Amino acid sequence: MAYVAEAPKESFRLSMLIYDTRFRSITIQVIVLILALLFVGWLTDNTIKNLAAKDKDINFSFLWNRAGYDIDQQLIPYTNDSTHGRAAVVGLLNTLVVAFFGCILATIIGVFAGVLRLSNNWLVARIMTVYVEIFRNVPLLLWIILAFTVFSETRPEPKDYKITAPMVELVKQKMTEEGETLPPDFKVTPRMVSSYADELEAAGIEPPQTEIFFGTVAVTNRGSNIPMPLLSRPLGGFEVAGVPISFSVLAVFALLAASIFVSRKLSRRAAAIQEETGVRPVIWWKNLAIIVLPVSLLLWAMGLHWEIPGFATDEFGVSKGFNIVGGINVAHSFTALLIALSLYTGAYIAEAVRGGILAISRGQTEAAYALGLRPGKTMRLVILPQALRVIIPPLISQYLNLTKNTTLGMAISYLDLKGTLGGITLNQTGRELECMLLMMLIYLILSLIISSLMNVFNTAMKLKER
Amino acid sequence: MTESSIAFARTEMLPQQEPPLSERGIVKWLHENLFSGWMNSILTLLGLLSVFLIVKRALPWLLYGVWDANSLAECREAVAAMAGPDAHGACWAMIRERWHQFLFGFYPMDQYWRPVLAFALMIVALAPVLYYGLRRINMLMVGIVGVLMVLALIGVGTDAAHLLVAVGVFAAIFAVAAAAPTKLVWVTILFPAVGFFLLWGGSVWGPIGALAGFAIFGAVWSLLQKKLGVVVAAGVGLVVAAMWWLVVQTKVTTVLHEFLPAGLPSVDSDQFGGFLLAFVIGVTAIAASLPLGILLALGRRSDMLLVKTLSVGFIEFIRGVPLITMLFVASLLLQYFLPPQTNFDLILRVIILVTLFASAYIAEVIRGGLAALPRGQYEAADALGLDYWQAQRLIIMPQALKISIPGIVSSFIGLFKDTTLVALVGLADPLQGITKIVRADINWKGIYWEPLIFVGVIFFIVCFSMSRYSMYLERKLKRDHR
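Protein chains in written order, with our numbering: chain A, 1 to 466; chain B, 1001 to 1482.
Everything labelled a hint here was simulated from the structure, so no lab data went into it.
All values reported here derive from a predicted model rather than from experimental measurement.
Take these hints with a grain of salt, some might be off.
[As the list claims (entries may be wrong)] Far from chain B, some chain A residues (derived; all Cβ distances over 12 Å): (1) Ala197; (2) Gly237; (3) Asn287; (4) Asn405; (5) Leu426; (6) Ser451.
[What the hints assert, rightly or not] FRET-style restraints, in silico, Cβ to Cβ: (7) Glu1032/B x Val217/A: 37 to 45 Å; (8) Leu1473/B x Arg66/A: 52 to 60 Å; (9) Ser25/A x Ile1137/B: 40 to 48 Å; (10) Phe1008/B x Ala370/A: 39 to 47 Å; (11) Ile31/A x Tyr1469/B: 35 to 43 Å; (12) Glu1097/B x Val40/A: 36 to 44 Å; (13) Arg1468/B x Val40/A: 39 to 47 Å; (14) Ala1371/B x Glu275/A: 37 to 45 Å; (15) Ser296/A x Tyr1469/B: 50 to 58 Å; (16) Pro156/A x Glu1032/B: 22 to 30 Å; (17) Tyr1469/B x Arg66/A: 49 to 57 Å.
Don't be surprised by glycine CBs; every beta carbon is placed ideally from N, CA and C.
Work out the full structure: start from the sequences and follow the hints.
Set out below in structure tokens:
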């Protein structure tokens, strides 16, 4: 019998590249690398050939050319003489503003719906279940179109808000009959007209539509007009790259930040006192005053007043013109997109919240009850803070989804980044490759920013363990 | 203590009394569930109010629905005749007239039996996936689907010959289900080619040629797998199959077609529309994205740095951009990335990009499932001497997939809902594409609630049943006792 005295000499054979686990992973990686490079090279080669065939090049200089189209919602000054690049920025800001307000609204709706779905109240829990199931199982596009249709098809036209001469005459006549003496230049306001709606109808005149929220907001089939804040003594400002920056706004934000800083200090002091003595001083009204009072004083000093939208009128109160003027005009595409997105995402957030609350063991609730906390306080002080840790990761992905879903505004002609850079600019310049790549890159960066911000928040909220 | 010192002692039990009125029956239920405190009472009243307002608006509208009319104006007249001039009523007559467009788009009317048969076969192809090897439930499913299919075929007005063909196919499948339910898997394997052939038509040899490519791949793989390992064998098989598909197949099928011309009238992609389109895109993308997602998830957890980096890059890129941009890549950019003069139709391009999109999301869901498995499972598989792919197939994936079922199904639901977005690149999806076409008709101008409700209800039924099925599956597969 022959014994092998020592292990056979290691000699490298080619087959070891496949069979030896030490080398196999390297082999596979090299093959993958070659394949990936080949694939990318193939794509690039094709693209170059295709571009050459169409006599095109890759060139981003179109961003500095005149855009030539209008955008009805603009957060920074923009006219059709501005550049395509600026149009893209306006679009990006439109995306961001919907995403921002959408996230806030969806969170509020979602938390309420999620908590109420678990409530002891049979009816409310059922209603919330129906809400969540209906919104989660029907495409978002349908909700967006539905919301837009409701606004643009069921709301009255602007002319229905008009106050005509016969209306003014009738109102004046009625008021005189009621024993009021009217001066010759007496001006009839819309509110007076609407208070005589029955009399108008009796006289065969269709009464005008009235503005909601105490006559401040007019929702017509063309858009919503909301009051605009104006300052009579503004602090001035300057321009950066054509974007006006107002000192007044900066001052308000600075003051607000300072007040919040002071109020947080106060809260921390209260917490310290509570640690020491066991009695927490009542500070909520101090906090409220610190935050509200200085800002209101500043606004009052700058002369804040509101421009209420409405028809221009002559000296007797008869409407002139064809459209409601003044205030801020909010396009229905924005409102509908915002409402649909927040209701839709709210349903998903509600599920996340419900899951988070259910993940907290029942003992926590019982312990809180044993301490004598009421159900509302138990939820607010004991359950939700713990549930938050479970809720935040799905919440992040919902925020990301909402931001990406703003692109669906395209279906109702909301001009966001997809509508400007990836829509009209793309069609006008014919530069598909550049526009699409730039747009995807921006969305990618946006997603990365949101998820990293939320991850920071997540780490801050995490249970501090050793 | 003597007995007499006790003044009174009851010797028999009192009959049990009814609980007080506030502690039983409906009063107790109302008090506990609706009016347990002032906050709850307010919520209840608000809830009642909102329900009342919705019902008050919607109920008359639904009650005065008109099914028999030829235009919106006729509908309005009928409602006015029924309930007075101020009443509003739904105009379902539009659905009655246009249902075929909502379901099939512009598919040729005399060929409706093809999508119906394909849809029925799809459900049957699902049966072995959902209930593998269970004779009774498979037979039941094939039987029910067959009966429903016959009804639907009669409903869309199929001629007797094609009806007989469809019934024959189902009778054969039923026989298979009765004799050997495990063999039903072949229906699933063959379905992609059969479905493609039924929907698009054309020569029968095309799909057969494509299937032959897969057969070649399978044959090469199983021959070489023992010698070269799973990955290398798959690579070689893929190369051989690709050579068949790209070089040989067309020649062979052309000859075969000349020799034996058989097939169905071909239907162009732009004739697809409505829910047919939604199902074609949704089902194909769902079926294709699951294996791709599994591969990506494995790649992301791989030890090989390069594979991992590529997978992470792909997944994060796809998850970072909106689906619409992917659809526009399909419609605008794909032509740049492919060799010049390649031109294949928009539906296929959309399906490819939707699949890539969905696979990134599925990959993340499955990665969650993989991460949730205890490390001991991997080590146990290694200890048994299983290689990587055996361990994945026999130990890891069955458990990881089970954990990720809810996530996978909700991705599928999302994907199915997202098929409505294809309208934005010009395909006739049921929600926007077809609704626009219907509203462009002079007879139905101004109708907006009914198509939205009709489409919404169908989507709700499909998605809701998917989510309920996943909950059922979750309960059924639950092995731990928590």
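Cross-check of the supplied hints:
no., hint, result
1, Ala197, "18 Å, holds"
2, Gly237, "35 Å, holds"
3, Asn287, "25 Å, holds"
4, Asn405, "7 Å, violated"
5, Leu426, "8 Å, violated"
6, Ser451, "9 Å, violated"
7, Glu1032/B x Val217/A: 37 to 45 Å, "41 Å, holds"
8, Leu1473/B x Arg66/A: 52 to 60 Å, "58 Å, holds"
9, Ser25/A x Ile1137/B: 40 to 48 Å, "44 Å, holds"
10, Phe1008/B x Ala370/A: 39 to 47 Å, "42 Å, holds"
11, Ile31/A x Tyr1469/B: 35 to 43 Å, "40 Å, holds"
12, Glu1097/B x Val40/A: 36 to 44 Å, "52 Å, violated"
13, Arg1468/B x Val40/A: 39 to 47 Å, "44 Å, holds"
14, Ala1371/B x Glu275/A: 37 to 45 Å, "40 Å, holds"
15, Ser296/A x Tyr1469/B: 50 to 58 Å, "57 Å, holds"
16, Pro156/A x Glu1032/B: 22 to 30 Å, "46 Å, violated"
17, Tyr1469/B x Arg66/A: 49 to 57 Å, "55 Å, holds"
The structure shown violates the earlier hints numbered 4, 5, 6, 12, 16.
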